[in-house]
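Participant: Dock chains B and C against the given chain A, drawing on the hints supplied.
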Amino acid sequence: MNSPVLKQLYAFVRKEFYHVFRDRKTLLMLFGVPIAQVLLFGFVLSNEIKNSKIVVCDYAKDYGSQEIIRKIEASKYFKVQKATLTHDQIETAMKAGDIKMAVIFPDHFYNDLSHLNKAQIQVIADASDPNTATTITSYLTNIINDYQAEALAQNNQSYTIVPQVKMLYNPELLGAPNFVPGVMALVLMLICAMMTAVAIVKEKELGTMEILLVSPLKPYLVIIAKTIPYLLVSLLNLTAILLMSVYLLDLEIKGSVVLLFAESTLFIISCLALGLLISVGSTSQMSAMMTSQMSLMLPTMMLTGFMFPIENMPFWMQGISYIVPSRYYYTIVKAVMLQGLGFSAIWRETLVLGFITLILIVINVRSFKIRLA
Amino acid sequence: MDNNIAIKADKLTKRFGDFVAVDAITFDVKQGEIFGFVGANGAGKTTAMRILCGLSTPTSGTATVAGFDVYKDAEKIKKNIGYMSQKFSLYEDLTVMENITFYAGIYGLSDKDIKDRGAELLDRLGIAHEAKTFVGSLPLGWKQKLAFSVAVIHRPKIVFLDEPTGGVDPVTRRQFWDLIYEASDRGITVFVTTHYMDEAEYCGRVSVMVDGRIDAFDTPANLKKKFSVDSMNKVFYELARGAKRKAD
Amino acid sequence: MSAITLDNITKTYNKGKVLAVDKATFDVAEGETFGLIGPDGAGKTSIFRVLTTLLLPDGGSATVAGFDVVKDYEKIRNCIGYMPGRFSLYQDLTVEENLNFFATIFNTTVKENYKLIEEIYVQIEPFKTRRAGKLSGGMKQKLALCCALIHKPRVLFLDEPTTGVDAVSRVEFWDMLKRLKHQGISILVSTPYMDEAALCDRIALIEGGKLLSIASPADTIKKYPGKLFAVKAANMHQLLKDLRSYEGTHSCFTFGDAMHVSFKQDANTDVSKLTGYLTAKGHKELEIAEIPAGIEDYFIRITEKEIAEK
Chain A
1 MNSPVLKQLY AFVRKEFYHV FRDRKTLLML FGVPIAQVLL FGFVLSNEIK NSKIVVCDYA
61 KDYGSQEIIR KIEASKYFKV QKATLTHDQI ETAMKAGDIK MAVIFPDHFY NDLSHLNKAQ
121 IQVIADASDP NTATTITSYL TNIINDYQAE ALAQNNQSYT IVPQVKMLYN PELLGAPNFV
181 PGVMALVLML ICAMMTAVAI VKEKELGTME ILLVSPLKPY LVIIAKTIPY LLVSLLNLTA
241 ILLMSVYLLD LEIKGSVVLL FAESTLFIIS CLALGLLISV GSTSQMSAMM TSQMSLMLPT
301 MMLTGFMFPI ENMPFWMQGI SYIVPSRYYY TIVKAVMLQG LGFSAIWRET LVLGFITLIL
361 IVINVRSFKI RLA
Chain B
1001 MDNNIAIKAD KLTKRFGDFV AVDAITFDVK QGEIFGFVGA NGAGKTTAMR ILCGLSTPTS
1061 GTATVAGFDV YKDAEKIKKN IGYMSQKFSL YEDLTVMENI TFYAGIYGLS DKDIKDRGAE
1121 LLDRLGIAHE AKTFVGSLPL GWKQKLAFSV AVIHRPKIVF LDEPTGGVDP VTRRQFWDLI
1181 YEASDRGITV FVTTHYMDEA EYCGRVSVMV DGRIDAFDTP ANLKKKFSVD SMNKVFYELA
1241 RGAKRKAD
Chain C
2001 MSAITLDNIT KTYNKGKVLA VDKATFDVAE GETFGLIGPD GAGKTSIFRV LTTLLLPDGG
2061 SATVAGFDVV KDYEKIRNCI GYMPGRFSLY QDLTVEENLN FFATIFNTTV KENYKLIEEI
2121 YVQIEPFKTR RAGKLSGGMK QKLALCCALI HKPRVLFLDE PTTGVDAVSR VEFWDMLKRL
2181 KHQGISILVS TPYMDEAALC DRIALIEGGK LLSIASPADT IKKYPGKLFA VKAANMHQLL
2241 KDLRSYEGTH SCFTFGDAMH VSFKQDANTD VSKLTGYLTA KGHKELEIAE IPAGIEDYFI
2301 RITEKEIAEK
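Note that the protein sequences, when read in sequence, are chains A, B and C. Under our numbering, the very last position in the first sequence is 373; numbers go up by exactly one each time. Under our numbering, the very last position in the second sequence is 1248; numbers go up by exactly one each time. Under our numbering, the very last position in the third sequence is 2310; numbers go up by exactly one each time.
Note that these hints are calculated values from the structure, not bench results. There's no promise every hint is true.
Unchecked claim - To spell it out: a stretch of chain C is covered by chain A in this simulated footprint if at least three of its residues, at any positions, have a beta carbon under 8 angstroms from a beta carbon of chain A; those stretches are:
1. 2003-2009
2. 2048-2061
3. 2094-2101
These numbers were taken from a predicted model, which means no experiment stands behind them. Glycine included, C-beta positions come from ideal geometry on N, C-alpha and C.
The following block holds chain A by itself, in its conformation from the complex:
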């Protein structure tokens, strides 16, 4: 701590933390909102779904299919209706909301199973409500696994039943575990961009910015000192969200945690740069808040694919989505966290995100003011 610059930086960062911890509203925003978001979505997700109406179309009508259907009927999760419906009839019933899922046993089911040790079941689920669709599909898979395990134990037969799952209406299953990457993008955007913008504009409003500018403090130090606390708080939040996802929502982080944090840091830097840009154009905390809402929160919610599938949007909106950093971050987190993919799968998104960040930093450096106006 001998360098005067480091001393100044330290004093400044400490002051920023005082601001953060002495304002209840800021604290609530920083820590309350992320936790509330995760819990809110988590509640929806962990809610057990009972007595879902499903239809079973048994074209096999043999020993194996009967056995499995009996297990399904015995489960508290399903209310089974037996009928041999055509594909069209299944869809009509789903559209009417009569059934949530259809399970179809093909001809020669048990025959295939006993001779080839392998058979297929077709499962069609209504994914317009992705949470329910995934939950009930996993219940069904459990029942089938159960059957396979029993067969192995009793007859020493190693069966492989492959459920051919087809999600109708929402094949990518947007929603469900996907909310965690979405919430991460949203929360980081909120904290990094909005809070940074507000924190800087607050100094302008108070008049302290004038004193800071008139001091020997290098202007870039103001920027760095203003962003460090929010970078740290964001990483803390990220950790909290991940911990909650793993331990509260039983969501597994399939890929590398290190990679996840590295990519998140890149995204956080792009958000901080956005926040700085907003602060340049705003004169009051109110307008900084409004600009953040309009130009950051809305695009993050609408155009990342977190709430609505991008493919279904009008062409021009899809176009805009390409310059929204959270879109890339969302894809990256999904790939790393949910699919367990490595850097080779996300290098393109990383590159684009890095490029956007770089542009934002350049714009910031260019528009930086060493004077008031």
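Facilitator: Frame of chain A; chains B and C shown alone:
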């Protein structure tokens, strides 16, 4: 009620927890009087003024404003007073006439009254040609005079002025006081706070608040005589110097 | 060497539409306390911001401590103290934290220059753990001054330090400035209170962006043309009306408990004539006395025409 008394306060007290912001103040203001309400920062002026405007309920004591009780008839008080402060005056993004119409409308003046009084007001200030100008682009002095005129457009019995002349140039400051005198001539009671002690001399009577109490209450001439000094500034200095409540 | 020099400084806003400062030229000597006296919107803050390197002038040149305000802004920022017009400390930081923060920002410590602020700081020290937002106006102003002084600046800029502060705190504040002057710090201070002007070494009267007069307070009032009379009577408001309609009156304004009256140049300044006029109007307890003009009298005198036109 005594018809000649506009404001009467008796042992009026306001506590915030252990802190006594206004400490049993007793005074009266006569109808049509220009009453100066001065005191150091934090002496309790703002709190006392809020009570009298019906914005805050006292902890104990009694007070009537325009004959209405501050506990029971706060809404009636609001109808019978005007209020102007240095900070809040007019909407900068509305024109002069729009501001007049808005404030007159709040007090339920008829369309005809709004038109007549608005024209009369602009005439008196000599800014009839600026009726359609945005208030934001008027010089500060005009804004302040306009704000005062708007505050009395509904012809209230009493008008409260909270540091109305802060930062205004000396000529405009005096023109502003001309308006105050005119209002007083029309029978409007003027209750004014100020940091300019020469303005305290313009008042009929002055009360000086120190640490929540009224430590002096008389005409400027009598106060100067009592403290054997030649200006209100010195009277104020003598009184406020001993204030304990400096940091609040 | 002069602490501050201004040579035809001009500042406009809104792309030249608003002229805030019009060719201001003056200088402040080393160790001098120089006052900019004028109402809100006169251009005081614009001059401060140009000198503190916060704004670029549109024309002219200026130096602070020998450094150019445009080219050498970084050097200026190392050696000046600045107290902006509005309360500009961190409300959610304590007195102590604010002071330590500003000391560090200016590459110094509170200990190093404690002597300089000691006299002021001891008055707020009992409240050092209190948040700045909870201080009274006078206390905030003292803290702000401490923060502006903590790095022992060569030139101190105080933009309306006493606005909104009560009369007692104002007197105390000017006492502090007097002591700082003895430390050799050059001070540029602005105020809308004319009575404070007398406490400066030299003053500039400013209105509408123009500097109208630059002189010591004593020389400023000597410039007042003609004689000035203080008139008192029992009914002051009526007195004002009658004096204004008196044929010889140039101007008449209320000043505390008296009317200050000046006569037209060619008018008869015989007091007995005025006494006769006022007595005829029924005024009682009449007092008329010739008085020396004050700074406010002179300010009104040189601005009344412009203001009337506005």
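Participant: Taking the hints in turn, state whether each one holds.
Facilitator: Here's how the hints hold up against the structure:
1. 2003-2009: Result for this restraint: violated, n = 0.
2. 2048-2061: holds (count 6)
3. 2094-2101: holds (count 3)
Checked against the numbered hints above, the structure violates only hint 1.
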